[in-house]
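Residue numbers (the numbering used here), protein chains in the order written: chain A, 1 to 114; chain B, 1 to 109.
Everything labelled a hint here was simulated from the structure, so no lab data went into it.
The C-beta atom is built at its ideal place from N, Cα and C for all residues, glycine as well.
One thing to keep in mind: the hints can contain errors.
Unchecked claim - Within a straight-line C-alpha distance of at most 27 Å, the following computed DSS-like cross-link-like pairs (lysine-lysine) qualify: (1) 9/A - 69/B; (2) 102/A - 96/B; (3) 96/B - 71/A; (4) 96/B - 41/A; (5) 71/A - 69/B; (6) 69/B - 52/A; (7) 36/A - 96/B.
Unchecked claim - The calculated label-pair distances, taken between Cβ atoms and stated as ranges, are: (8) 52/B - 14/A: 21 to 27 Å; (9) 93/B - 14/A: 17 to 23 Å; (10) 29/B - 17/A: 27 to 33 Å; (11) 65/A - 108/B: 43 to 49 Å; (12) 13/B - 12/A: 39 to 45 Å; (13) 79/A - 56/B: 43 to 49 Å.
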Amino acid sequence: DTAVSQTPKYLVTQMGNDKSIKCEQNLGHDTMYWYKQDSKKFLKIMFSYNNKELIINETVPNRFSPKSPDKAHLNLHINSLELGDSAVYFCASSQYGGRGEKLFFGSGTQLSVL
Amino acid sequence: DAKTTQPNSMESNEEEPVHLPCNHSTISGTDYIHWYRQLPSQGPEYVIHGLTSNVNNRMASLAIAEDRKSSTLILHRATLRDAAVYYCIRYSNDYKLSFGAGTTVTVRA
Numbered sequence: 001d002t003a004v005s006q007t008p009k010y011l012v013t014q015m016g017n018d019k020s021i022k023c024e025q026n027l028g029h030d031t032m033y034w035y036k037q038d039s040k041k042f043l044k045i046m047f048s049y050n051n052k053e054l055i056i057n058e059t060v061p062n063r064f065s066p067k068s069p070d071k072a073h074l075n076l077h078i079n080s081l082e083l084g085d086s087a088v089y090f091c092a093s094s095q096y097g098g099r100g101e102k103l104f105f106g107s108g109t110q111l112s113v114l
Numbered sequence: 001d002a003k004t005t006q007p008n009s010m011e012s013n014e015e016e017p018v019h020l021p022c023n024h025s026t027i028s029g030t031d032y033i034h035w036y037r038q039l040p041s042q043g044p045e046y047v048i049h050g051l052t053s054n055v056n057n058r059m060a061s062l063a064i065a066e067d068r069k070s071s072t073l074i075l076h077r078a079t080l081r082d083a084a085v086y087y088c089i090r091y092s093n094d095y096k097l098s099f100g101a102g103t104t105v106t107v108r109a
């Protein structure tokens, strides 16, 4: 049973479209995250949520709107997609969000904007 | 902002130990040192973490200098499956694990 699962694995779309990526964790964790890995392979944190509340927003454009319907889910909706949004997006979770905890990552969603 | 310094790349032979250095000279007393790795086309994977004492688990060992300004990740016997990018992270702020460039480890058969 996959601990952190994201769908879809691949997403190809046109500029200007709106798309969503879903993430679910079955670990009973309180904290979930979204990361973006660009073509240069740098991993950047985008958002952190704890118990459905936004904790960290790393100056991400407001075209990106995360939504957490419950603790186990953190979905990422992206409006008006741009070429620069092409990247691999990773969801992750940790127990409470503290520095002494490990993060569990999903396998990623490769987004290609044409 | 990971605020750590790692070599860009390292090579190792299969079955031999790998020592991956990391410098975090500006670390504060409450910062944890985390290591993650990312295999090709996969998500990052937790390896090990520590605060002050050396740590061991089934994947690796973490040796932390007494002054905590540096640490070394030790893979005891490298296998081809250990070829990955290894990230040393100074975890300073709760909820915000920030990655740097990492060390690309190549394992020769």
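Status of each hint after checking the structure:
Distance restraint check for residue 9/A and residue 69/B: the Cα-Cα separation of roughly 39 Å exceeds the 27 Å cut-off, and the hinted pair is therefore not satisfied. Pair hint residue 102/A plus residue 96/B holds up; C-alpha atoms about 12 Å apart against a cutoff of 27 Å. Straight-line distance between C-alpha atoms of residue 96/B and residue 71/A comes to about 18 Å, which keeps the hinted pair within the 27 Å bound. For the hint pairing residue 96/B with residue 41/A, the CA-to-CA distance comes to about 18 Å; that is within 27 Å, so the pair holds.
Distance hint between residue 71/A and residue 69/B is unfulfilled; the C-alpha atoms sit about 36 Å from each other, more than 27 Å. Straight-line distance between C-alpha atoms of residue 69/B and residue 52/A comes to about 36 Å, which puts the hinted pair past the 27 Å bound. Of the pairs offered as hints, the one joining residue 36/A and residue 96/B holds, with about 13 Å between alpha carbons and a cut-off of 27 Å not exceeded. A hinted range of 21 to 27 Å is violated for the C-beta pair residue 52/B and residue 14/A, which are about 52 Å apart.
Roughly 37 Å separates the CB atoms of residue 93/B and residue 14/A, a value that falls outside the hinted 17 to 23 Å. Between residue 29/B and residue 17/A, the C-beta spacing of about 48 Å breaks the proposed range 27 to 33 Å. Take residue 65/A and residue 108/B: their Cβ atoms lie about 46 Å apart, and the range 43 to 49 Å holds. A C-beta distance of roughly 40 Å is found between residue 13/B and residue 12/A, which places it inside the suggested range of 39 to 45 Å.
At roughly 47 Å, the beta-carbon separation of residue 79/A and residue 56/B lies within the given 43 to 49 Å, and the hint holds.
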